[in-house]
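Here is what each chain is made of, one letter per residue.
4 protein chains.
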Amino acid sequence: MACNCTGGAEKQQQALSTSSPSSASPEDLLVLSSDPLHPANVICELCQLFYDNEWVTGTGGGISIKDGTNVYIAPSGVQKERMKPTDLFVLNYDDSVVLRRPLNFKPSACTPLFFTAYKLQNASACIHTHSQNAVMISLLYSNEFKIANIEQIKAIPKGYEPGYLSYFDTLTIPIIENTAHEEELEVPMHEIIKKYPHTRALIVRRHGIYVWGENIWKAKIYNEAIDYLLGLALKMKQFGIKPDSPIGSEKGQVDPKIYD
Amino acid sequence: MACNCTGGAEKQQQALSTSSPSSASPEDLLVLSSDPLHPANVICELCQLFYDNEWVTGTGGGISIKDGTNVYIAPSGVQKERMKPTDLFVLNYDDSVVLRRPLNFKPSACTPLFFTAYKLQNASACIHTHSQNAVMISLLYSNEFKIANIEQIKAIPKGYEPGYLSYFDTLTIPIIENTAHEEELEVPMHEIIKKYPHTRALIVRRHGIYVWGENIWKAKIYNEAIDYLLGLALKMKQFGIKPDSPIGSEKGQVDPKIYD
Amino acid sequence: MACNCTGGAEKQQQALSTSSPSSASPEDLLVLSSDPLHPANVICELCQLFYDNEWVTGTGGGISIKDGTNVYIAPSGVQKERMKPTDLFVLNYDDSVVLRRPLNFKPSACTPLFFTAYKLQNASACIHTHSQNAVMISLLYSNEFKIANIEQIKAIPKGYEPGYLSYFDTLTIPIIENTAHEEELEVPMHEIIKKYPHTRALIVRRHGIYVWGENIWKAKIYNEAIDYLLGLALKMKQFGIKPDSPIGSEKGQVDPKIYD
Amino acid sequence: MACNCTGGAEKQQQALSTSSPSSASPEDLLVLSSDPLHPANVICELCQLFYDNEWVTGTGGGISIKDGTNVYIAPSGVQKERMKPTDLFVLNYDDSVVLRRPLNFKPSACTPLFFTAYKLQNASACIHTHSQNAVMISLLYSNEFKIANIEQIKAIPKGYEPGYLSYFDTLTIPIIENTAHEEELEVPMHEIIKKYPHTRALIVRRHGIYVWGENIWKAKIYNEAIDYLLGLALKMKQFGIKPDSPIGSEKGQVDPKIYD
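Residue numbers (the numbering used here), protein chains in the order written: chain A, 1 to 260; chain B, 1 to 260; chain C, 1 to 260; chain D, 1 to 260.
Read the hints as simulated data drawn from the structure, not as lab findings.
Any given hint could be a false lead.
The list makes no distinction among identical chains, and a pair is therefore deemed to hold if it is satisfied within one copy or across any two copies.
[Stated by the list, open to error] Cut-off 20 Å, straight-line C-alpha distance, at most; resulting in silico cross-link-like pairs (SDA-like, lysine to any residue):
1) K84 with K158
2) K218 with L103
3) K106 with K218
4) K146 with S166
5) K158 with G77
6) K237 with D67
7) K237 with D94
8) K242 with E177
9) K218 with Q79
10) K106 with E151
11) K242 with G68
12) K158 with H181
13) K195 with P107
14) K218 with G77
A quick note: this is a predicted structure, and the numbers were derived from the prediction, not measured.
The shape of chain A in the complex, shown without the other chains (with noise of 0.2 Å):
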């Protein structure tokens, strides 16, 4: 697993710039900024952390954040880990209009994928990944992935009212078929929210995963908890355990049989 600290020169370079933005263009305002919680760099934060877990490898995945009526997009078949904010599109979320077109880079393909989720789900930030937890989920499952009875539940909201799973529910994740093309995802992915109207995530198969919150950071512990969770479903299945078969009426009554 790759640790990016050094990052490049570049970035350091980026960072100077950043401190004296005086003859910077309207348009690279909109992602030059010193303090460390700009969309633009958080975005560049998150985007090495996801690379080192393996999640964006290649120029795989994406992520954006909307800022007011600022909808902050990577661009398409940037290497994640390398990217600057200088790289970022900005669009107005009212009308999609381009307000910032980085020089040398194509629009993200997942960008009606991430409006989808700002409009249908009133969600602030979007997350998608390659992880190969969500790759391998759904090629074990047809169309939900289940998981019951796990403490690290907790961390996902229930959705249909304020708070959160507790440990005793059973979190589903609806499966959707991928398609040839990135963009033609936001039909499915459309109806998928309609039937589920309170799920925080979506697995395309043999794909990926897409995860959305009110705010990036809710994004990111919701995607840090359902890959956790999708990951040790696969150990479970590994030793014979199905991850989503109830404990009982009883507290903590499992099939003895899977006991030593």
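Starting from the known structure of chain A, fit chains B, C and D onto it as the hints suggest.
Below, chains B, C and D without anything else, positioned relative to chain A:
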């Protein structure tokens, strides 16, 4: 696996402010120090390490250090790898009065469990993780995890007398059932410690592990050694080797059928 | 997995010397540059990344960049994560004359293979790793590795025409037998490229993989995407799923018996 | 997996003190140096690396470098990733007199084993880890681990004559039984080296591995290559492939039934 070495610029700002805490409130002075071995700094450093180990994914897990009568506790629902000293709660050990309450955070639900380790076990530090090794082991064992005849066992104290387990001893870690709310684990933890008074750790089924020690470094070492042993036991089981089978009166006697 | 972020102080001394190369020899000027995107700096940065990925453990693997008529090559038997720009060989592309020969190092045995990728495939960068994913795949497939219908395939070019593989295409990577000496792979590599003229990669049985690209970043992206696919295929096989089975005429049709 | 790049502030304080050791005692001057390649600094750098590789979890493992007649040894029971040069013992090679004794630490129980590697094998560095790959292999093989026909074998010296193993050779590593106390391994280590005079490594059952070399970098490379091979062998066994099966007189002949 993530590497967060670059930290956030927030952390650097935090570090700066700790260098000149002249205007800090008395409550903040409880957590602001330029000494890297101050409990508040150690907690933040170790939480980043635990995050990199995938032990506190999302906002999972918790940690506490008792220093004299001050008990430092990471707050509820915080991203462990982004935590700052000023995010910590400080409680008085004797009467549980809150000496410092961070803005925007709730106390950790682990608080009564940390105090149980301090009161019953004379511990001064307690680590709680959602380690997948611990969760998997809790799905494969009923009431106790046992492992014998592995060198790493020697990192764990006997408990019933001074000194550490020998290579020929068996390490036993009790397993308790999970509850709907973390604080409800207080009574079962109390009971299990009465039953296993020499244990330094407690596995919570489908949840994770609690490990404590005489100081934070001992707790860290026990936690690392135990997680190593849990992970090794899972690998042994994948190859059909029982982690707690006796190796006989002759040194190194092992069932020859497991050999190539 | 190792993190080498602290680097060695040697590296910093090296960096200092690159800032004031006034007294450097003409040969050294071929590899000393303050530009982080200079081929000599990129090779060192990527070798550290590959080490962290366990692709070049020990002194395994190799890397080369062709920049105009200069061919930069990591030397034989060097610890990749500790390599400095001054450790590199530089050869002339047209006549293979050595333009720069580092002290105490021998040329890489991969040299003729890198040139084969350049001459036959019009590549400008070539990466060779001892990835365990590649070695394991070479033990499970005879002459070709195939994988189909995985999103990550879209990172790999078609080769026979512009553009990239589609989600519904099959990626095929030829496998050749290993030889006693690395340079003896030149003829088999020549032959297999004639047979698979559109491939960007070549697996060497019980040895590792060669991946090349139009430039170093393309080669890096292809290598990451292919290693992701090799690792995913191993996981699929562990669950009894064939990586190259067709998903049928209907989108997403998968053998239902593999589902839970 | 942990990344400790930020190190601790202690390390930086240590580094500062090494810059101005004017007031240092003669004993401390044995371990204080601004040269990153000084044995005391190399030991600390490598211990952090080994910790990140999960080879010295808790306080497991050990390391020693012989430099002239000075033998540098990490102390007993120290957290390897937090170790400082001033934590090291220095012994005289000829008479084992302790030249430097750190405060608050006990000598490593590995000391007689390190000296055995130096005396019997003419080594100048010895690495001891609790690698789980080594422990697992020790549970699956009786007296010897063997692996053949894997490129990475070529990183290991023949021993019986100059030069390295060829691709068609078999690497053999002896396995000895663990003992109650680490220092009791001295006699078995002595005996096994007499029996396997050309080995560079020794697996201790249910414990870990010792690897030595002509200098620390050779020892590091051998250790990395051997751990790679142990880990690969475990993966091969999971797929039912024997790591030491001959590939026949024809190059690359493999039992076709293992293929897809």
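Tested hints:
1. K84 with K158: neither (35 Å within a copy, 29 Å between copies)
2. K218 with L103: For K218 and L103, only the inter-copy Cα distance (18 Å) is at most 20 Å; the intra-copy one is 31 Å.
3. K106 with K218: between (28 Å within a copy, 17 Å between copies)
4. K146 with S166: Result: close within a single copy only, 14 Å intra versus 30 Å inter.
5. K158 with G77: This pair counts as between: shortest inter-copy Cα distance 16 Å, intra-copy 34 Å.
6. K237 with D67: So K237 and D67 fail the 20 Å test inside a copy (40 Å) and across (43 Å) alike.
7. K237 with D94: So K237 and D94 fail the 20 Å test inside a copy (45 Å) and across (46 Å) alike.
8. K242 with E177: between (23 Å within a copy, 18 Å between copies)
9. K218 with Q79: Answer is between; shortest inter-copy Cα gap is 10 Å, intra-copy 24 Å.
10. K106 with E151: So K106 and E151 pass the 20 Å test across copies only (19 Å; inside, 41 Å).
11. K242 with G68: Classified as neither; 43 Å inside a copy, 46 Å across copies.
12. K158 with H181: So K158 and H181 pass the 20 Å test across copies only (16 Å; inside, 31 Å).
13. K195 with P107: For K195 and P107, the Cα distance exceeds 20 Å both inside one copy (29 Å) and across copies (37 Å).
14. K218 with G77: between (26 Å within a copy, 11 Å between copies)
Violated hints for the displayed structure, listed by number in ascending order: 1, 6, 7, 11 and 13.
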